[in-house]
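Colleague: Could you build all of it, start to finish, from the sequences and the hints given here?
What follows is each chain in one-letter form.
Protein chains: 2
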Amino acid sequence: MTAVPKTAARTAESPRRALLDASLDLIEAEGLEGFSMREVARRAGVSHQAPYHHFPDREAILAAIVAEGFERLRADSLAATEGESDPACRYHALGRAYVKFALSNPAHFKLMFRSELVREDKHEDAKACAEQAFDVLVNIVDEVSLANTGERDPALIFASWSMVHGLATLMLEGKLDKHFGASMDSRLAGAASVLKVLERVVKP
Amino acid sequence: MTAVPKTAARTAESPRRALLDASLDLIEAEGLEGFSMREVARRAGVSHQAPYHHFPDREAILAAIVAEGFERLRADSLAATEGESDPACRYHALGRAYVKFALSNPAHFKLMFRSELVREDKHEDAKACAEQAFDVLVNIVDEVSLANTGERDPALIFASWSMVHGLATLMLEGKLDKHFGASMDSRLAGAASVLKVLERVVKP
DNA sequence: ATCTTTGGCTTGACAGTGTCAAGTTTAGAC
DNA sequence: GTCTAAACTTGACACTGTCAAGCCAAAGAT
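Protein chains in written order, with the numbering used here: chain A, 1 to 204; chain B, 1001 to 1204.
Hint data in this document are derived by calculation from the structure and do not stem from the laboratory. Treat the hints with care, since some could be wrong.
As the list claims (entries may be wrong) - Chain B side only, calculated, beta carbon under 10 Å to chain A, not exhaustive:
no., residue
1, R1072
2, E1124
3, A1128
4, Q1132
5, H1165
6, G1190
7, V1194
Said to hold, decoys possible - With a straight-line Cα cutoff of 16 Å, these simulated EDC-like cross-link-like pairs (lysine to aspartate or glutamate) come out:
no., chain 1, residue 1, chain 2, residue 2
8, B, K1203, A, E199
9, A, K178, B, E1199
10, A, K175, B, E1116
11, B, K1122, A, E82
12, B, K1178, A, E120
13, A, K100, A, E151
14, B, K1175, A, E199
15, A, K127, B, E1173
16, B, K1127, A, E173
17, A, K127, B, D1177
18, B, K1178, A, E124
19, B, K1178, A, D121
20, A, K122, B, E1173
21, B, K1175, A, D86
22, A, K178, B, D1177
23, B, K1175, A, E124
24, A, K175, B, E1120
25, B, K1175, A, E84
26, A, K178, B, D1121
27, A, K178, B, E1173
28, B, K1127, B, E1068
29, B, K1175, A, E116
30, A, K196, B, D1153
31, A, K175, B, E1124
32, A, K100, A, D153
33, A, K203, A, E151
34, A, K175, B, E1131
35, A, K203, B, E1199
36, B, K1196, A, D153
37, A, K175, B, D1086
38, B, K1127, A, D177
39, A, K196, B, E1120
Predicted model, so just to flag it, every value in this text is computed and none were measured. Ideal Cβ positions, reconstructed from N, Cα and C, are used throughout, including at glycine.
Modeller: Following this line, the structure appears as structure tokens:
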């Protein structure tokens, strides 16, 4: 009732939102290979061409999903670490949160790291969200290296990212199933045991 | 001239081989998304249906490529480590070889870890080759943990794999380019610096 | 020498895809 | 009521993976 632009903005945002929701449902239900523009349209109850009114092409809708994924990853990372105060505990909590996010949103997570599907130089918002999520990691790794050695350790940032990302990826692709099983609980337990080893890397 | 079956085997193997070679060329030239059965046929100079005479479907030809990839990775790993005798050096050499393989064969490497594209439970030979490559890693990690602590450390195997795999993956997806650059040399140098940090994990 | 088999290949179709082009509906502003 | 612009539609195009059917040359058996 109050402001006209508000209503206009909502109606402009709502079909876009509906398409994104349909895409997220589809992608987690059918996997990345099952994603198609036409199936998104079908699920949103519109014609096959309607999505092109809100996104220039397939890559753009995927980029929007990627951006949202990095926002959620950032939020999860902050939520998982803000309860802890000891740097080492925060570091550990971040690693667990990263793996848990990947295992809970497998197709979404994979998409976030498929540079052929979404070229970040063409999609600034996806890139920005990715960098914001990365910043959380940077801060927590810096905390732990400052606490342990009194100095920042830039290489440790990439080392830490590589460790948790590799663990998440291998689990997602089923490469560790033979050892840890395929259920969520057993995978999380396996991840925790591997993370414990990986954390030796921060010791002086 | 000598043996009939030998010639028969060669002519039976040769078109299959030609299709695999065309696939490998295509995949490294156009990336994973650029791969298509019809383009493979075009490059091999045959009709669009000819490949189906040698592979039941698209996934089967991809599985054959995956198998070949793991064979090469295994060969590279053995070649890179057999010159070294100190376990820690062998461990380091293996990590470098893993990353170098990924960076040298980006699309091929990615395919080897795309479980939606090639389900290993449906393609025994791909699975077997993957396991043989994995065995090389297992042996070298066991060597280094035995040398350091006198005991095997199974969790260290998965930790090591996660580290190098995550590093390779992040580099391939361009996620570390901002820091290390995108050229082969600068990436390899960056990888070496990260690997040095990661190797703290094997210290007692 | 003829017949049959078989491996390698072809052409033609079908439903599915992403996307271009052009037309239609609809809702609010004036 | 008219105008405008957003939201949407229908219809095409070239492309994909794959099914179905048939062609052809060489090899083996009779």
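Colleague: Against this structure, judge whether each hint is valid.
Modeller: Cross-check of the supplied hints:
no.: 1; hint: R1072; verdict: violated (18 Å)
no.: 2; hint: E1124; verdict: violated (14 Å)
no.: 3; hint: A1128; verdict: violated (13 Å)
no.: 4; hint: Q1132; verdict: violated (14 Å)
no.: 5; hint: H1165; verdict: holds (4 Å)
no.: 6; hint: G1190; verdict: holds (8 Å)
no.: 7; hint: V1194; verdict: holds (5 Å)
no.: 8; hint: B/K1203 x A/E199; verdict: holds (12 Å)
no.: 9; hint: A/K178 x B/E1199; verdict: violated (25 Å)
no.: 10; hint: A/K175 x B/E1116; verdict: holds (12 Å)
no.: 11; hint: B/K1122 x A/E82; verdict: violated (44 Å)
no.: 12; hint: B/K1178 x A/E120; verdict: holds (12 Å)
no.: 13; hint: A/K100 x A/E151; verdict: violated (30 Å)
no.: 14; hint: B/K1175 x A/E199; verdict: violated (22 Å)
no.: 15; hint: A/K127 x B/E1173; verdict: holds (13 Å)
no.: 16; hint: B/K1127 x A/E173; verdict: holds (13 Å)
no.: 17; hint: A/K127 x B/D1177; verdict: holds (13 Å)
no.: 18; hint: B/K1178 x A/E124; verdict: holds (15 Å)
no.: 19; hint: B/K1178 x A/D121; verdict: holds (12 Å)
no.: 20; hint: A/K122 x B/E1173; verdict: holds (15 Å)
no.: 21; hint: B/K1175 x A/D86; verdict: violated (29 Å)
no.: 22; hint: A/K178 x B/D1177; verdict: violated (33 Å)
no.: 23; hint: B/K1175 x A/E124; verdict: holds (14 Å)
no.: 24; hint: A/K175 x B/E1120; verdict: holds (10 Å)
no.: 25; hint: B/K1175 x A/E84; verdict: violated (28 Å)
no.: 26; hint: A/K178 x B/D1121; verdict: holds (12 Å)
no.: 27; hint: A/K178 x B/E1173; verdict: violated (27 Å)
no.: 28; hint: B/K1127 x B/E1068; verdict: holds (11 Å)
no.: 29; hint: B/K1175 x A/E116; verdict: holds (12 Å)
no.: 30; hint: A/K196 x B/D1153; verdict: holds (12 Å)
no.: 31; hint: A/K175 x B/E1124; verdict: holds (14 Å)
no.: 32; hint: A/K100 x A/D153; verdict: violated (26 Å)
no.: 33; hint: A/K203 x A/E151; verdict: holds (13 Å)
no.: 34; hint: A/K175 x B/E1131; verdict: holds (10 Å)
no.: 35; hint: A/K203 x B/E1199; verdict: holds (12 Å)
no.: 36; hint: B/K1196 x A/D153; verdict: holds (12 Å)
no.: 37; hint: A/K175 x B/D1086; verdict: violated (29 Å)
no.: 38; hint: B/K1127 x A/D177; verdict: holds (13 Å)
no.: 39; hint: A/K196 x B/E1120; verdict: violated (29 Å)
The earlier numbered hints that this structure contradicts are 1, 2, 3, 4, 9, 11, 13, 14, 21, 22, 25, 27, 32, 37, 39.
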